[in-house]
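Chemist: This is what each chain is made of:
Number of protein chains: 2
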Amino acid sequence: MTIRLGLVGLGKIARDQHLPAIAATEGIELTAIASRNAGLPDLPYFHDVDALLASDTAVDAISLCTPPQGRFEQALAALAAGKHLMLEKPPGMSVAEVEALGRMALDKGLTIFATWHSREAAGVEPARAFLADKTIRSVRIDWKEDVRHWHPGQQWIWEPGGLGVFDPGINALSIVTRILPEPMHLVASTLDFPENRHAPIAASLAFRTMSGAPVEAEFDWRQTGPQTWDIRVATDGGELVLSHGGSRLAIDGVQRMAEPDREYRNLYRRFVELVGTGGSDFDLSPLIHVADAFLLGQRRVTDAFHD
Amino acid sequence: MTIRLGLVGLGKIARDQHLPAIAATEGIELTAIASRNAGLPDLPYFHDVDALLASDTAVDAISLCTPPQGRFEQALAALAAGKHLMLEKPPGMSVAEVEALGRMALDKGLTIFATWHSREAAGVEPARAFLADKTIRSVRIDWKEDVRHWHPGQQWIWEPGGLGVFDPGINALSIVTRILPEPMHLVASTLDFPENRHAPIAASLAFRTMSGAPVEAEFDWRQTGPQTWDIRVATDGGELVLSHGGSRLAIDGVQRMAEPDREYRNLYRRFVELVGTGGSDFDLSPLIHVADAFLLGQRRVTDAFHD
Chain F
1 MTIRLGLVGL GKIARDQHLP AIAATEGIEL TAIASRNAGL PDLPYFHDVD
51 ALLASDTAVD AISLCTPPQG RFEQALAALA AGKHLMLEKP PGMSVAEVEA
101 LGRMALDKGL TIFATWHSRE AAGVEPARAF LADKTIRSVR IDWKEDVRHW
151 HPGQQWIWEP GGLGVFDPGI NALSIVTRIL PEPMHLVAST LDFPENRHAP
201 IAASLAFRTM SGAPVEAEFD WRQTGPQTWD IRVATDGGEL VLSHGGSRLA
251 IDGVQRMAEP DREYRNLYRR FVELVGTGGS DFDLSPLIHV ADAFLLGQRR
301 VTDAFHD
Chain W
1 MTIRLGLVGL GKIARDQHLP AIAATEGIEL TAIASRNAGL PDLPYFHDVD
51 ALLASDTAVD AISLCTPPQG RFEQALAALA AGKHLMLEKP PGMSVAEVEA
101 LGRMALDKGL TIFATWHSRE AAGVEPARAF LADKTIRSVR IDWKEDVRHW
151 HPGQQWIWEP GGLGVFDPGI NALSIVTRIL PEPMHLVAST LDFPENRHAP
201 IAASLAFRTM SGAPVEAEFD WRQTGPQTWD IRVATDGGEL VLSHGGSRLA
251 IDGVQRMAEP DREYRNLYRR FVELVGTGGS DFDLSPLIHV ADAFLLGQRR
301 VTDAFHD
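So the sequences go chain by chain: F and W. Under the UniProt record's numbering, think of the first position of the first sequence as 1, with each following residue one higher. Under the UniProt record's numbering, think of the first position of the second sequence as 1, with each following residue one higher.
Just so you know, the hints here were simulated from the structure itself, not pulled from any lab data. Hints may be right or wrong, so weigh each one.
[Claimed, not checked] The calculated lysine to aspartate or glutamate pairs, modelled on DMTMM-like cross-linking and capped at a C-alpha distance of 20 Å, are:
| no. | chain 1 | residue 1 | chain 2 | residue 2 |
| --- | --- | --- | --- | --- |
| 1 | W | K134 | W | D252 |
| 2 | W | K108 | F | D42 |
| 3 | F | K144 | F | D261 |
| 4 | F | K108 | W | E182 |
| 5 | W | K108 | W | D133 |
| 6 | F | K12 | F | D261 |
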């Protein structure tokens, strides 16, 4: 049975990623759009999720790709109406609100999928398999990109809940928490805030794994020229390098794979599976690490940022 | 069988609260002390928890009342050695590290007790019972005290992980999360940082319950004169006031109880029960709300603070 999907939010990520991924995925079809600004030709259109849910247009599931601020009320409305739920990353603007949604979905027997698209990059599962029986010696994460290129004019990323440089950085954390064979926790955090912004533009983080290996991360939103999304893991069985955001994997310098981006297609295929089996996928550890980074963060003030 | 307890940390909270509470509790006895600075007459003394665990002095359980920074390694050592574990509040300096400890204790079949002493105040359980079938209309928390009186010369409270004004504020959050009949989540946070400190001296928080009732909290460490630790809950069945940190309860202005402080005795009695039944008590929601408050916090800089 095909899942009838209502897509809420029709911004950049929805147009760039969600629409083509939904169109390419069997078992799910786009049935309605809710967005404050725009609809699509030949599709029922609503101003917001409440209007969609109150309408005659039947949907089985809701996919939220609005900014994280305000997403809680939309998610709550979807679950209250008995709809399965898929959440863009980050799944909300606070840990507590997302935990509450997870409990509610569980209580109501609905699927909830807190997506982390970077975990679907081609190199991630092979990296996880390689590391499963290794001893981790150290991890180094460099996640450096140009915010002006990737978030042109998006003000919500600088507001509370928008996460600043952790909006991309949480992608790196979602990969690392998947591939490492043991949990890690933060021990030190330095955050650079532009003097005119309430969110950090750069962050320097030091974690430790349970067995004590250092995990260092450098996030920076001021990178022009080549962009860097690399994770290096030194182990007793060689050095693993995940680059290009996880789509390329090399071990001891030998390229193991380099595949085109299918992250969002994988997400929607997984959502169809989860709804079919009555399961959920709801790992908040990347968001928890970000909250910890703010909790423990030493704050430095840096140059003003202007779009 | 009496639990042989090793107490780690012999600072203000250990001397003021833990030692008398342990002495007054059946089923547990203080067997050893680990502390960098001081021991007690007639008790085996060790410089740190590792030395205690490596010694001939047998203990069944460890109670940690060191500052949260560095407590993870102590907790890990205790669990690795097969000891039951009791943690002062806050249970650690990050959410992720405490979650990792919880999973480890569960895996090893050991008791872990993340204590929230304010939940043991006399009015808390009666308040919880009163609110269980009520509709919450609004909640107001005022938690205002004089840091110079309560934390004389303690520098760790101002360091990352020391939480600043959330060190007392988390007590209020531990009560509210216990007595309200549904979860809440943060929607806005303002934090006041002294210009010479890395932790807030005041905080203004706005939460919502799942059904949308506002929960407002004002934390301030600059209160001289009378101290304020009050929680007011407006419901469809009357107004509840928990004051004096939870030890006094009034409903619609009628005093229901006012009992002396037995918080730490209750904690140790509960720990004895948990060890006896093989259970754990491990609710991180107060710490998660604090992490969320930093994650979403709008930061203001205020006057320098000097002890």
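Chemist: Taking each numbered hint in turn, which are not upheld by the structure, reported in ascending numerical order?
Modeler: Result: hints 2, 5 break, sorted rising.
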